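Peer 1: Listed below, chain by chain, are the residues.
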Amino acid sequence: TQLLEQSPQFLSIQEGENLTVYCNSSSVFSSLQWYRQEPGEGPVLLVTVVTGGEVKKLKRLTFQFGDARKDSSLHITAAQPGDTGLYLCAGDSQGAQKLVFGQGTRLTINP
Amino acid sequence: SAVISQKPSRDICQRGTSLTIQCQVDSQVTMMFWYRQQPGQSLTLIATANQGSEATYESGFVIDKFPISRPNLTFSTLTVSNMSPEDSSIYLCSVVTGGNQPQHFGDGTRLSIL
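Protein sequence lines correspond, in order, to chains C and Z. Be aware that the first sequence starts at 1, since it is given in this note's numbering, and climbs by one per residue. Be aware that the second sequence starts at 1, since it is given in this note's numbering, and climbs by one per residue.
Treat the hints as calculated values from the structure; they're not laboratory data. Only a predicted model underlies this, so the values are computations on that prediction, with no experimental measurement involved.
Some chain C residues close to chain Z (C-beta under 7 Å, calculated; not the full set): (1) 33; (2) 41; (3) 42; (4) 43; (5) 45; (6) 48; (7) 97; (8) 101; (9) 103; (10) 104.
A virtual CB, placed ideally from N, CA and C, is assigned to each residue, including glycine.
Using the sequences and the hints given, assemble the complete structure.
Peer 2: This is the structure:
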């Protein structure tokens with residue numbers, strides 16, 4: 001069974017601080033997605049990474065895919081209360097678009 | 001991206017009953033999936049809904065408990081059968097619009113069993 005270990009599971013920081021969320025596995029993924037989920041809604045896609053070593057930026061969010069395509073990170077610069085939510089990484093290992101999800105990181109940004 | 005509508009958005013049901021959840025997409029999609037998200041947890045794939053044929057279930061999920069239909073390229077249903085309190089979860093459908101596109105999710109159905 002493929003597993004994605006996501007850490008930390010909970011993070012509460014002050015507005016303006018930086019943070020990094022990690023997603024690690026012993027398996028190779030053909031692609032990896034990051035989603036954000038807010039209460040009462042479904043997960044919303046933030047980014048897809050497919051190439052080892054790839055870095056993508058989305059405003060204050062920076063996503064990196066590991067060289068071996070086994071791990072990924074999400075870095076948020078100058079966090080804002082609007083960044084609060086559940087962040088989920090999800091990997092597709094078989095190219096069949098069946099996703100394995102990490103446990104999620106519940107992020108709270110305090111004003 | 002595709003607009004995905006799930007109905008009902010929430011329900012409270014008695015144990016032993018069954019509930020059918022609908023997932024409607026505003027355009028044809030190549031793949032549809034059903035996930036379960038237990039309280040405070042991440043998502044677990046239940047099955048891939050195959051158009052015109054039986055769904056493909058993941059380990060730990062069976063057709064008798066979670067029958068799935070997908071009669072066309074825009075619609076699917078998931079039934080949660082003979083419900084018990086352990087079935088209280090959010091049930092989400094997701095779709096792939098084509099090729100190597102990522103999955104997009106509906107807003108889910110919040111199900112509570114008394």
